[in-house]
Each structure stands twice: as C-alpha cells, then as structure tokens.
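Once you have looked at the hints, place chain Z on chain Y.
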Amino acid sequence: MSADLAEGESRLLYPPPGLPPGGDGPAQAGPADEDLRVVAARHPGRWIATAVVGVLLAMVVSSLVTNDRWEWDVVARYLTWPSILEGAWATVRLTATASVVGFALGTVLALMRLSRSPLLQAVSWAYTWVFRSVPLLLQLLLWYNLAYLYPVLSLGIPFGPEFLFFDTLDLIDKFWAAILGLGLSQAAYSAEIVRAGILGVDQGQHEAAASLGIPRHRQVRRIILPQAMRSIVPTAVNEVIGLLKGTSIVYVLAYGELFYIVSVIYGRNGRVVPLLIVAAIWYLALTTLITVVQYYVERHYAKGALRTLPPTPVQRVRWEIQVGWSRLTGAPVPDGVPPAFAARVRVGRWVAPRGGAA
Amino acid sequence: MTGGLLEIRGVHKSFGLLEALRGVDLTVRPGEVAAVIGPSGSGKSTLLRAINHLEKVDRGFVSLDGELIGYARHGNTLRELTEREILRRRTRIGFVFQNFNLFPHLTVLENVVEAPIYAQGRPRAEAEAEARELLARVGLADRADARPRQLSGGQQQRVAIARALALRPAVVLFDEPTSALDPELVGEVLGVIKELAGTGTTLVVVTHEVGFAREIADTVVFMDEGVVVEQGPPDAVLDNPASDRTRAFLEKVL
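Just so you know, the protein sequences line up as chains Y and Z, in that order.
For the record, in the first sequence the residue sitting at position 51 is 1267 according to my numbering, with numbers rising by one throughout.
For the record, in the second sequence the residue sitting at position 123 is 1042 according to my numbering, with numbers rising by one throughout.
If we strip away everything but chain Y, and leave its shape as in the complex, we get (with noise of 0.2 angstroms):
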C-alpha cells in the first residue's frame, strides 16, 4: 500500500499488490492500474420505492399528530395512572408465573414422550391432545369453577386416607385459576418446542455423552438441553410473547390485569381509543424487554456454535461512536476495536487517492 495514504485509509487496488498487472491481455495504455476509478452501480427502483415509502410513513406520522382524536393528553395522562401500572405489573406476573409453569411443565412432557416407557409416552400424548385442542377461554372458565366439582381438595394416600384438606375456594383464586388454565395449556405446546429441540441434538452428543457413562440426568441437562436451547429459545420466546398478549383473555375472570384494569377505566369514562392505545404502548413495551432479553440469551446459547460471537448492540454502538471519532480526528482507533470491525464500518466507502489521476 503506497506511502501517501494516511493511517486507516484504504484504497481498492487492482491487481492487489505483488502480482504483475494485466493477467490475461496486453497491458492498456491510460492512467496507471492503481488509480482506476470505481463507480458503483446505479438502483433507481430502490430509489423510487424509499420515496413511496418515506411519503407513506410521512402520511402516518402526520394523521398521528394532526387528528386530536388520538387524545394524546389522555394517554400520557393514563399511561403511569397507579391501577394502570399495577394492572400492567399483574400481567407481568401472570406471564411470568404461566411462563415457568409452561415451560417445566413442558419440559416433563418432552421427556415421558422421548422416553421408552409406553404409558408416559401415550399420557404425554393424550395431555398434548386434550389441551391443545380446548379453547384457552374454555380453560380458564373451568378451573374457576373447580369448586363445584371438587369443593374439597385433600392430599393423601392414594385411594386411602387423607390427611391435609383445602377448600377449593380459598385454594384457587382468580389468580391461580388463570395461571392453571394459561399454564396447563402452554405446557402442551412447550412439549412440543422442547421435544423438537432435543430431536435436533445431533444423534452423536447422546452417543459420546453415553459412552462417556456420564450419568444419564447429566447427560440430559449439561450434554442435550444446553444444546436443544438454541433451537428452543426463539421459539419459546414466541410463545411467551404469545402468552404475555394472551394474558389479557384473563379479564374474562375479572382478574385486574392490564387489560381488565384498562377495560373498567374506560367504561366509566368512555375514553375508549386513548385507553386502549395506553394498553398497546404497555403491551409494546413488555414485549420490547422480552425481545432484549432473548438476544442475550440466544447469544448465550450460541456459544461454541458460533465460532466468534456477534457483538452486543451495546458494543457495536460503542464501537461505530469510536470509529467515527476516530475517523472525524485523525485520532487512533483506540484499542478493542476489533480490526474486522473498523474495516466493516469503511466498506463501502470510496477513499479518492491523493493527488492521484482521478
């Protein structure tokens, strides 16, 4: 690379250095090789489709601010209204709760059906079967009504005496009816997301984990489900997602989550739109968290599948600040910028040579 370039610069050269020009022709005549001029290609259907879209979206926005019907005043008003916040910090709970019920629960059900055992496999079956296809709505009625069927819940000996009684009532409030009826029925889909993951686990992990006579309850949780995780955790992130929205079905119980909480407000005062948008931007905002936290733990899991991770969006901030810095100042690029990185941020970028012919 010639001398006159300044520190980070570079230059697209052809032939790259070391090689004698001209490969398969005669030498032309004209400017020297290295100071050929590139010029990119020209998208004039990308450029028509940014404006469609840009005057789209400038559409959008401007509705948004011009129609007072939106009543901002009254969103921003009720989006931190103290029953509003508990009401979301209840669906926070209900998700949550459902979630790991989901999910344990799931994870059982993955392994009576993976296991050889003839009766779990079909019991695990059977319990996918039946709460898949119940409606969620169905459900959740039901275990509010347990009471009637059994007023009395009594642990004990099988088929003999008991000893530790409840009264239904008292046992399953509205709470635990919604998180027995959203949790039992994700446990049927989280079956089947835990199942297909440790199908995915190549055939030889369980082989070299076997051979190793590590025992088998290692085997499944430090060999097979670190492993099965990285096809789970998309999944299942959906599903909780799912079941974050879902949550909201729970008014039907007159549970005092978001939505419910949302839904009294607005009959008393008949502020229907703004209400329903300050559940929206809530509902956004849970799932925006719920998204963060998926990258972090799918880059966790990724570990040793990837050969080098991808850099937090944290670190990939800091690191394009750094670069531009750099690049405005003259100064260095500090250390701990990955070199990859710093030449990724300059692709694209045409360097003009110098002083040169161009």
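Bear in mind the hints are in silico, worked out from the structure with no lab data behind them.
Treat each hint with caution, since some may be false.
[As the list claims (entries may be wrong)] Listed next, with one range per pair, are the computed distances between beta-carbon atoms:
{"hint": "1", "chain 1": "Z", "residue 1": "992", "chain 2": "Y", "residue 2": "1528", "range": "33 to 43 angstroms"}
{"hint": "2", "chain 1": "Y", "residue 1": "1338", "chain 2": "Z", "residue 2": "1068", "range": "31 to 41 angstroms"}
{"hint": "3", "chain 1": "Y", "residue 1": "1552", "chain 2": "Z", "residue 2": "1055", "range": "29 to 39 angstroms"}
{"hint": "4", "chain 1": "Y", "residue 1": "1338", "chain 2": "Z", "residue 2": "998", "range": "22 to 32 angstroms"}
{"hint": "5", "chain 1": "Z", "residue 1": "931", "chain 2": "Y", "residue 2": "1451", "range": "55 to 65 angstroms"}
{"hint": "6", "chain 1": "Z", "residue 1": "1113", "chain 2": "Y", "residue 2": "1551", "range": "39 to 49 angstroms"}
{"hint": "7", "chain 1": "Y", "residue 1": "1273", "chain 2": "Z", "residue 2": "1064", "range": "43 to 53 angstroms"}
{"hint": "8", "chain 1": "Z", "residue 1": "1055", "chain 2": "Y", "residue 2": "1528", "range": "26 to 36 angstroms"}
{"hint": "9", "chain 1": "Y", "residue 1": "1544", "chain 2": "Z", "residue 2": "1064", "range": "32 to 42 angstroms"}
{"hint": "10", "chain 1": "Y", "residue 1": "1256", "chain 2": "Z", "residue 2": "1127", "range": "48 to 58 angstroms"}
{"hint": "11", "chain 1": "Y", "residue 1": "1528", "chain 2": "Z", "residue 2": "1064", "range": "14 to 24 angstroms"}
{"hint": "12", "chain 1": "Y", "residue 1": "1451", "chain 2": "Z", "residue 2": "1152", "range": "54 to 64 angstroms"}
[As the list claims (entries may be wrong)] One side of the interface only, derived from the structure: several residues of chain Z facing chain Y at Cβ under 7 angstroms:
{"hint": "13", "residue": "1009"}
{"hint": "14", "residue": "1010"}
{"hint": "15", "residue": "1018"}
{"hint": "16", "residue": "1020"}
{"hint": "17", "residue": "1068"}
{"hint": "18", "residue": "1131"}
As the structure is a prediction and not an experimental result, all values here were calculated from the model.
Positions of the beta carbon are idealized from the N, C-alpha and C atoms, including for glycine.
Just chain Z now, with coordinates in the frame of chain Y:
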C-alpha cells in the same frame, strides 16, 4: 495404564433384515493393538459399538477382564444390567468417534473433565490437573479454554482422544478416527494413537489406513460380511493373506 483383556464370543446383531454381525469371535490380549480392516458395510463399526454396548447384541457376549459388558450372567441366562450399571462399566472403555462428537458448547477442558468428575466421581482439581496433562500429551496444552469449533479437525480428534483417556480406560476403541479429516491432518492424529500404542493400553482401531495398521498393530483383523475372515500379525495378513476375500480387498485399497 494397564490394558484389559477383551473377549468377544459369537456376537450376532441384526438391524431389521440386515445381519450386520453374524457370529464374531475375537480375543484382544491386554496391551495388544488390534487393527480392524475390511470393506464398508462389513460390520466393523457395529462390532466396535457392540463392544461398548452402544448397540445391544442379539446373541453372544463381550467381556472385559471377564466382566460382561451390559449383562450379568446367572447360570445360562444373561440379564441386561440397569442403565446406571452399564454406564459405570463403560467408563473402563474409551471410545473415539469418526466425527469426534465433542460437546460444542463446552470448552476443551470441560469436555475432558466432564466424565472423570460426573461418571467416576473424582475431585475436580485432580481431574483438571490430569486433563491438562493429557492435553499436553496430545499437543494441545494451550487450547484448554477454546471451544471445539474453534479447532481444526485434527485438533478436535486429539481432544476427543484426550477425553477418552481421561477415564483411564483399560481399552480404547477407535472408530475410523481419521476418516473425517483432511489428508494433511491425518498424520497428527495417527501420531497420537501411535504414541498411545506403546503405553500398554489395549487398543482396537477400525481403520482404512492399511499402512498405519501395518505400522502399529500387533494383530490385523480382516472382517467381511459380518464375520472375522482372518486375523494375525500384520505381515501375515497384509502380505500373505490366507483368504481370497482378504486378497481381493487389499488389492483394491493398496
């Protein structure tokens, strides 16, 4: 390390209608290095997997130092052992796979110490110290914290060998250890196996490398169509085969 006595008697194994093994008899003496050669589909890999009880045999048995692998003998019946007991007995046998089968999400060191700690219940500090020694022996002392995908195929297979040795096995089985490697990486793996051949551990190596078999094996075993066709010292089997099938195979591969 002292080698184990491996005895294989009348082993049959079918997959559906396909008879992979049709009565295999083989004895490998303590410290002996046996190279198993033969055309693909001759049952070599199945035999190796049967030794380790990764495949259940239909008939016959395999024993290591007189202890049956996978079964307990009561008079004339063989009762299959519980999985826990089979796993325990397997720790006396190391297995090196064609495709390495390292655990990609664990570091090299974690791969090697997993079985000594969790299958044999050895203290972590001791297992790690020994693992580092083994990694040094296979020339990978500086890659203990790398993950398998960051290594070349030859390096991965050397880690797999270290992982198998970490159990201090009496027998190590190699299932075509160099078949998945680029030609220039074969040598480093064969070098490690060759070094191992002098240490007194019993080795059974299924291989396509006839030259390598000649170099390290005490006994060459030729298998075809699910039976052992002939066995003997390398010069005898490879240079003056008694059977036409052996001769035909050797003409093809040499």
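So, going through the hints one by one against the coordinates:
The given range of 33 to 43 angstroms is broken by residue 992 of chain Z and residue 1528 of chain Y, whose C-beta atoms sit roughly 59 angstroms from each other. For the pair residue 1338 of chain Y and residue 1068 of chain Z, the beta carbons lie near 39 angstroms from each other, so the given range of 31 to 41 angstroms is met. In this structure the supplied range 29 to 39 angstroms holds for residue 1552 of chain Y paired with residue 1055 of chain Z, their Cβ-Cβ distance being about 32 angstroms. In this structure, residue 1338 of chain Y and residue 998 of chain Z meet the distance hint of 22 to 32 angstroms, their C-beta atoms being roughly 27 angstroms apart.
In this structure the supplied range 55 to 65 angstroms is violated for residue 931 of chain Z paired with residue 1451 of chain Y, their Cβ-Cβ distance being about 43 angstroms. One distance hint, 39 to 49 angstroms for the beta-carbon pair residue 1113 of chain Z and residue 1551 of chain Y, holds here, with the actual separation near 44 angstroms. As the Cβ distance of residue 1273 of chain Y to residue 1064 of chain Z is approximately 48 angstroms, the hint placing it in 43 to 53 angstroms holds. About 35 angstroms separates the C-beta atoms of residue 1055 of chain Z and residue 1528 of chain Y, a value consistent with the hinted range of 26 to 36 angstroms.
Remark: the range hint 32 to 42 angstroms for residue 1544 of chain Y to residue 1064 of chain Z is upheld by a beta-carbon distance near 38 angstroms. For residue 1256 of chain Y and residue 1127 of chain Z, the Cβ-Cβ distance of about 52 angstroms falls inside the hinted range of 48 to 58 angstroms, so the restraint holds. For residue 1528 of chain Y and residue 1064 of chain Z, the Cβ-Cβ distance of about 21 angstroms falls inside the hinted range of 14 to 24 angstroms, so the restraint holds. Distance hint check: the CB atoms of residue 1451 of chain Y and residue 1152 of chain Z are about 57 angstroms apart, consistent with the given range 54 to 64 angstroms.
Interface hint at residue 1009 of chain Z: satisfied, since its Cβ lies 4 angstroms from the closest Cβ of chain Y, which is below the 7 angstroms cut-off. Evaluation of the residue 1010 of chain Z hint against chain Y yields a held restraint, the C-beta minimum of about 4 angstroms falling below 7 angstroms. The interface hint given for residue 1018 of chain Z holds, since its Cβ lies 6 angstroms from the closest Cβ of chain Y, which is under the 7 angstroms cut-off. About 4 angstroms separates the beta-carbon of residue 1020 of chain Z from the nearest beta-carbon of chain Y, less than 7 angstroms, and the hint is met.
Interface restraint check: residue 1068 of chain Z against chain Y, minimum CB-CB distance 5 angstroms, threshold 7 angstroms, status holds. For residue 1131 of chain Z, the shortest C-beta to C-beta distance to chain Y is roughly 23 angstroms, which exceeds 7 angstroms, and the interface hint is violated.
The structure does not agree with the numbered hints 1, 5, 18 stated previously, though it agrees with the rest.
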